[in-house]
Amino acid sequence: MAHRHLIYAYVFAFAAQFGYLGWIGLKDRAVRRLEKEFPPYSTQPE
Amino acid sequence: MRNLRWAWAALTAVLLGYGFYQAMYVAPTEATMGNIQRIFYYHVSAWLGMGVFFAVNLCASIVYLAARRSNPLRALGADALALASAEMGVVFCTVGLVTGSLWARPVWGIWWTWDERLTSTLLLYLIYISYLLLRRFADGDQMRTLAAVLAIFGYLDVPIVYFSTRWFRTQHPGPVIGTGNLDASMWPPLLWNWAAWLAWGILLTSLRYNIERRRQMAEQRAALHSLEATLELTK
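Chains as they are written, first to last, in the numbering used here: chain A, 1 to 46; chain B, 1001 to 1235.
Any given hint could be a false lead.
The following label-pair restraints were derived from C-beta to C-beta distances [what the hints assert, rightly or not]:
#1 B:Ile1129 / A:Phe18: 14 to 24 Å
#2 A:Lys36 / B:Val1149: 29 to 39 Å
#3 A:Ala30 / B:Arg1169: 40 to 50 Å
In case anyone wonders, no lab produced these hints; they're calculated from the structure. For glycine and all other residues, C-beta sits at the position ideal for the given N, C-alpha and C.
Construct the complete structure from the given sequences, taking the supplied hints into account.
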């Protein structure tokens, strides 16, 4: 049981951290969509 | 900035790989617990990460409260950092709680016990979950102010969590850091994993901070856009 729990712990640690990284990716996509709708102001003449 | 982030990500990947190698192959097998003790290197690193990022959240919340009237732009930046660091802290706290429970089952024979260390940690976790829920389901300056105040009160639990094993007789093992209770050969794996997970936390927090700042800017433009549209209508 001990070895199994050691593996579970390490797998969970990486899964949680990379899961959060994936969630950050989703947030980035949502913000990109918002930025497309309301693009940053430009100093370039149109 | 982009290149710096990639370089930091590469360094983090190397540190995580080396930390894993140290914990699995270099660290000695503990005499009474055996290999299950190797959870310690990730478990303690998660708590260190949690402590660091909740402290960043506290500082950013104080800056937000101090600057919200005099310097709203700086306050918004501080608010974005507070959010990013709170999320990172909660992820580390989740890892700490779960790895601790996975260690406890084979060693203690139970998954959980309501001793002072575990209970105060669970309370801390719930406080920061409620902080994130407040931020998720409310908006505007009032929400930011409430969240900053909640973060300051929430952080009061961090020293209680830290000192609980010194103040009380807990089922949780007593302190090993700064007490000489940790074998010298176990320090290098622990320090490598601390460095690795802190580097990881800094990377993710900077990514999240950047996204939140961009969201704030886009929302300001959206608000301005709707204001302009309203003015057009009233003309």
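Evaluated hints:
{"no.": "1", "hint": "B:Ile1129 / A:Phe18: 14 to 24 Å", "result": "20 Å, holds"}
{"no.": "2", "hint": "A:Lys36 / B:Val1149: 29 to 39 Å", "result": "35 Å, holds"}
{"no.": "3", "hint": "A:Ala30 / B:Arg1169: 40 to 50 Å", "result": "48 Å, holds"}
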